[in-house]
Amino acid sequence: KQEVTQIPAALSVPEGENLVLNCSFTDSAIYNLQWFRQDPGKGLTSLLLIQSSQREQTSGRLNASLDKSSGRSTLYIAASQPGDSATYLCALNRDDKIIFGKGTRLHILP
Amino acid sequence: NAGVTQTPKFQVLKTGQSMTLQCAQDMNHEYMSWYRQDPGMGLRLIHYSVGAGITDQGEVPNGYNVSRSTTEDFPLRLLSAAPSQTSVYFCASSRKPGQGEMQYFGPGTRLTVT
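Line by line, the protein sequences are chains P and L. Residue numbering for the first sequence follows my numbering, starting at 1 and increasing by one per position. Residue numbering for the second sequence follows my numbering, starting at 1 and increasing by one per position.
There may be inaccurate statements among the hints.
[Stated by the list, open to error] Here are the simulated DSS-like cross-link-like pairs (lysine-lysine), alpha carbons at most 27 Å apart as the crow flies:
id, chain 1, residue 1, chain 2, residue 2
1, P, 68, P, 1
2, L, 9, P, 1
3, P, 68, L, 96
Keep in mind the hints are simulated off the structure, nothing from the lab.
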């Protein structure tokens with residue numbers, strides 16, 4: 001059974017710092033991996049999608065990497081801002097099912 | 001283009017009542033799915049559908065029914081609500097996941113069962 005783990009569960013960093021969020025998974029046979037952002041009481045907003053054949057994707061200050069052999073993905077956020085405060089979730093796509101991690105709750109300190 | 005829409009946004013039910021959560025998408029997506037989100041549990045897959053007329057169970061299907069009579073709509077039915085079904089429910093859609101497509105989520109329905 002595919003398991004997706006996100007560590008840490010919560011993270012607080014001062015504004016302006018670069019930071020890395022981690023996502024690990026047990027089964028490397030995936031179609032793609034997607035990172036989402038969720039603000040309190042809101043739905044999910046897609047940030048980046050990495051296909052299984054890709055190593056990384058970039059969008060603005062965000063960079064996501066994928067290493068299937070080690071079962072890991074990272075989301076790198078450069079020059080963090082208070083508006084980046086949210087919960088970040090990774091999700092794996094395999095066999096018509098999307099499996100989510102429990103998320104990392106990020107708080108950027110002004 | 002409305003994307004994925006869900007109704008209602010909020011609902012309070014008494015134990016034993018039934019109701020249907022509505023989900024619709026206007027992107028002609030083949031794949032649709034329902035999740036519930038609970039504190040400390042993350043998002044868990046309830047049911048999914050890879051096309052009209054085809055549905056399958058996810059991780060936590062008990063107590064829920066689905067049908068997919070059209071490409072656009074994927075309603076979730078609670079036949080006899082229980083307090084354990086208090087949760088936030090999200091609907092999502094994409095072109096087939098097997099083709100590496102991005103998932104789009106609706107805004108959610110917050111359900112309370114008393």
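Does the structure break any of the earlier hints, and which numbers would those be?
Checked against the structure, the only hint that fails is number 2, while the rest are satisfied.
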